Amino acid sequence: MPILHTQYETEVQQPDGSVIAGDPQHALVAQGPCVQIIFGLAASLATQIIQQGHPVPNPVSGMGLIDTGASTTCIDNSTAQAMGLPVVDVVKMMSASHAATDANVYPIQLQLIGTPIRVEITRALGAELKGQGIIALIGRDFLANCTLFYNGVTGGLTLST
Amino acid sequence: MLDEERQYFSEHGDELRRQHPGKFVIIHGQTVAGAFATQEEALGFGAREFGLSSFLVRNVEQRADIEVTVPALALGLLRADPSHPVRD
Numbered sequence: 009m010p011i012l013h014t015q016y017e018t019e020v021q022q023p024d025g026s027v028i029a030g031d032p033q034h035a036l037v038a039q040g041p042c043v044q045i046i047f048g049l050a051a052s053l054a055t056q057i058i059q060q061g062h063p064v065p066n067p068v069s070g071m072g073l074i075d076t077g078a079s080t081t082c083i084d085n086s087t088a089q090a091m092g093l094p095v096v097d098v099v100k101m102m103s104a105s106h107a108a109t110d111a112n113v114y115p116i117q118l119q120l121i122g123t124p125i126r127v128e129i130t131r132a133l134g135a136e137l138k139g140q141g142i143i144a145l146i147g148r149d150f151l152a153n154c155t156l157f158y159n160g161v162t163g164g165l166t167l168s169t
Numbered sequence: 625m626l627d628e629e630r631q632y633f634s635e636h637g638d639e640l641r642r643q644h645p646g647k648f649v650i651i652h653g654q655t656v657a658g659a660f661a662t663q664e665e666a667l668g669f670g671a672r673e674f675g676l677s678s679f680l681v682r683n684v685e686q687r688a689d690i691e692v693t694v695p696a697l698a699l700g701l702l703r704a705d706p707s708h709p710v711r712d
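Protein chains in written order, with the working numbering: chain A, 9 to 169; chain B, 625 to 712.
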């Protein structure tokens, strides 16, 4: 059973200028449950394209924020466009503050770096995320394949399949 | 993106439901390239036919663009940083 365990860390600067390790509990509060991920074209499409003798887009790695409030995984739209991922649908992304906007739908495969935990997400939404320091918002469609243990007390996160 | 394909799907929805009930169709330009029992089959076929070009894959029973709410994005709460401490 593949397991990813992450203990969150932060650094705190003392009045004398020295830097010490901060409290993991606060580090998890501040950073949120971020994990290192890599995503690329969904395998079901990549296989077909490779069989035709064409190259597939190189996967991209970065940080993903786990969001149990999101039913659907979102990926950074500008990254997806730069990779050349195909768009297979468009949905209306609702907003509380402005009119609904169009969001591209991409077929991707998302993997947690350092583990074999890899999930095909045939309908990931494109959203502008890079400005937030992440390339993906990991939603419940990914988490449907995992067990997630968020330990706020110790500042740790465990994901397994 | 996919404006032409979405327009076609919208205008020919009734016809597609009659011809391919319950199926996932692939639309490229103004052409229905195929109808499949599963989304995965449709995506595989689309990649084989169109490579990395964009194409529309939809279940014919879908009546309009799907509306999705991702609360963190809809409410602008991504990386929200409360002005007061989370705990004492």
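Treat the hints loosely; a few may be bogus.
Okay, the calculated beta carbon distance ranges per label pair [as the list claims (entries may be wrong)]: (1) A:T169 to B:Q643: 38 to 48 Å; (2) A:R148 to B:Q631: 50 to 60 Å; (3) B:S634 to A:P124: 13 to 23 Å; (4) B:R642 to A:A90: 55 to 65 Å; (5) B:S634 to A:P67: 46 to 56 Å; (6) B:I690 to A:P10: 28 to 38 Å.
I should point out that these hints are in silico values taken from the structure, not numbers from a laboratory. Source: prediction; values computed, not measured. All C-beta atoms in this analysis are idealised placements derived from N, C-alpha and C, irrespective of residue type, glycine included.
The hints, checked one at a time:
At roughly 40 Å, the beta carbons of A:T169 and B:Q643 sit within the given window of 38 to 48 Å. Roughly 31 Å separates the CB atoms of A:R148 and B:Q631, a value that falls outside the hinted 50 to 60 Å. In this structure the supplied range 13 to 23 Å is violated for B:S634 paired with A:P124, their Cβ-Cβ distance being about 42 Å. Checked against the given bound of 55 to 65 Å, the beta carbons of B:R642 and A:A90, roughly 41 Å apart, lie outside it.
Taken as a hint, the range 46 to 56 Å is violated for the pair B:S634 and A:P67, whose Cβ atoms sit roughly 34 Å apart. In this structure the supplied range 28 to 38 Å holds for B:I690 paired with A:P10, their Cβ-Cβ distance being about 32 Å.
Hint compliance for this structure: hints 2, 3, 4 and 5 are not met, and every other hint is.
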